[in-house]
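Here's the letter readout for the chains.
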Amino acid sequence: MDYSFALQQLVYGLTVGCLYGLLAIGYSMVYGVLRLINFAHGDLLMVSAYIGFFGIVIFHLPWPVSFAGAIALTALLGILIDRGAYKPIRKSPRINALITAIGVSFLLENVALVTIGGRPKSFPTPGFVSGAIVVGDVSIPTLSVWVFVVTVVLLTLCMAVVKKTRIGIAMRALSRDMETVMLMGVDKDRVISFTFALGSALAAAGGIMWCMKYPAVEPFMGVIPGLKAFVAAVLGGIGSISGAAMGGMILGLAEVFIVAVQPEWSGYRDAVAFFLMIVILLTRPTGIMGERLPD
Amino acid sequence: MLQIEDLQVSYGGIRALKGVSLEVGAKEIVTLLGSNGAGKSTTVRVISGLVIAQAGNIRFEGKNIKNLPPHKIQRHGLVHIPEGRKVFANLTIKENLLMGAYYTRAKSELSRLFDRVYDTFPILSSRSQQLAGTLSGGEQQMLAIGRALMSKPRLLIMDEPSLGLAPMVVADVFRIVEKIRDEGVTIFLIEQNANAALRIANYAFLLENGVISLEGPGYELLTNPKVKQAYLGGVSE
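Top to bottom, those sequences are chains A and B. In this text, residue positions in the first sequence follow my numbering: the first is 50, and each later residue adds one. In this text, residue positions in the second sequence follow my numbering: the first is 6, and each later residue adds one.
Simulated from the structure, these hints should not be mistaken for laboratory data. One or more hints might be untrue.
Stated by the list, open to error - Straight-line Cα separation of at most 30 Å, DSBU-like style, residue types lysine-lysine; simulated pairs:
no., chain 1, residue 1, chain 2, residue 2
1, B, Lys99, A, Lys213
2, B, Lys231, A, Lys237
3, A, Lys213, B, Lys23
4, B, Lys112, A, Lys136
5, A, Lys140, B, Lys112
6, A, Lys212, B, Lys231
7, A, Lys237, B, Lys112
Given the structure is predicted, the values throughout are model-derived calculations rather than measurements.
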């Protein structure tokens, strides 16, 4: 594998990695606060994609409006999912919440299937992401630059919110001790809603960019990215935001490089993620950045 | 200031409180004594809304607060320091204190609260950027008290503040409890350490098997033969 070929693969890997990372952060934050694997999280990518698609194709809204609308509405849906499905069973055993999450995921997918139909819709590509920047033998798609910049900006913002703001401090406190947070006068449901909104907004941004890269919108498009993002979150250490981002990058790079080195394995691309998850669960179950919980 | 009448609580078929009535007067230290499992913690957990009561009344400054959600009760000025301190180990000391003042937005008010807590507990000031998990048990108790003071309590419930602390630190904690009372905050103190608690308490209640079996001024219970025998180690002086 020569130098420029490796660099080219690095560009591809990072692009996919950013998208996995954006999606993984939501998994990780919700798990951190509620100890819940929100299996409906991947489907938010699909919801966001449809909202973006309808905004542009049906309502002829400008790109930024459509993009922002998809993020806002998906964040709202994240809050509604929590309030409607998870909050009523907050005090039940964790397995109930997990099964509910799988139910919500099927619900979203099938509502989309019934109302919109299963035929993939072709997502329009905006002009500003087409083309590529060529540096020597390496071609960097403009879209990759956008994905990378948007991811870095959103990740930085998200980490600043969690580190610096009051609600971010409350999120971290809630991840350790919900009862004492309540005794501080904090309405825990507002903190939980905020967590869902933030995670869902990141998933929505990832969803729109996903569609620019793989422009087919269909009801089950969130399933595989959702599972991969879950793997990324576990890989990085579920509960950790930087871990989720890092897990996403590692996963994206691993997938791209395995296929680059062994093209005949390309059919096993999706298996890479699950193989990595098995390895991490056997060797370091808390993930790369994860800390041992006193559970 | 706080009136409790005929409070009844059951968990999973077991009656933990069978009709507890007590009163906490303003600007006093009132202590609730009792052995393990008598229902002391349950009593305070009901007051602060963590546990739901089946029957009875809880009034704070004349308002009915029974079965309100904990965050609403706290915002009435009734602040509960839970048993075992429960500082947020993964947050810094400053962030822990900030959680106590979650709804205080005004910068000047916030810095006044920080100053007051740092004055009372200088150790917290010098370590404000350190993670709370790195503090010793006694320092964590100071932080838990400091965090509660950030909420501007009018009534402070302290559940076993001396639990697991070295005797010298226990003495410090009780001195601070008296100091807070002298600053005008009412204190409802739950203690296993009956001797120390009765020495500073204006009034005391004894809880046995889910009912109040004895009450009186602190010094009176200190000399009561029954209390002496069962709760003060039975040493005759």
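Going down the list of hints, with the structure as the test:
no.: 1; hint: Lys99(B) - Lys213(A); verdict: holds (12 Å)
no.: 2; hint: Lys231(B) - Lys237(A); verdict: violated (44 Å)
no.: 3; hint: Lys213(A) - Lys23(B); verdict: violated (46 Å)
no.: 4; hint: Lys112(B) - Lys136(A); verdict: violated (34 Å)
no.: 5; hint: Lys140(A) - Lys112(B); verdict: violated (37 Å)
no.: 6; hint: Lys212(A) - Lys231(B); verdict: violated (54 Å)
no.: 7; hint: Lys237(A) - Lys112(B); verdict: holds (24 Å)
Against the hints set out earlier in the document, violations occur for numbers 2, 3, 4, 5, 6.
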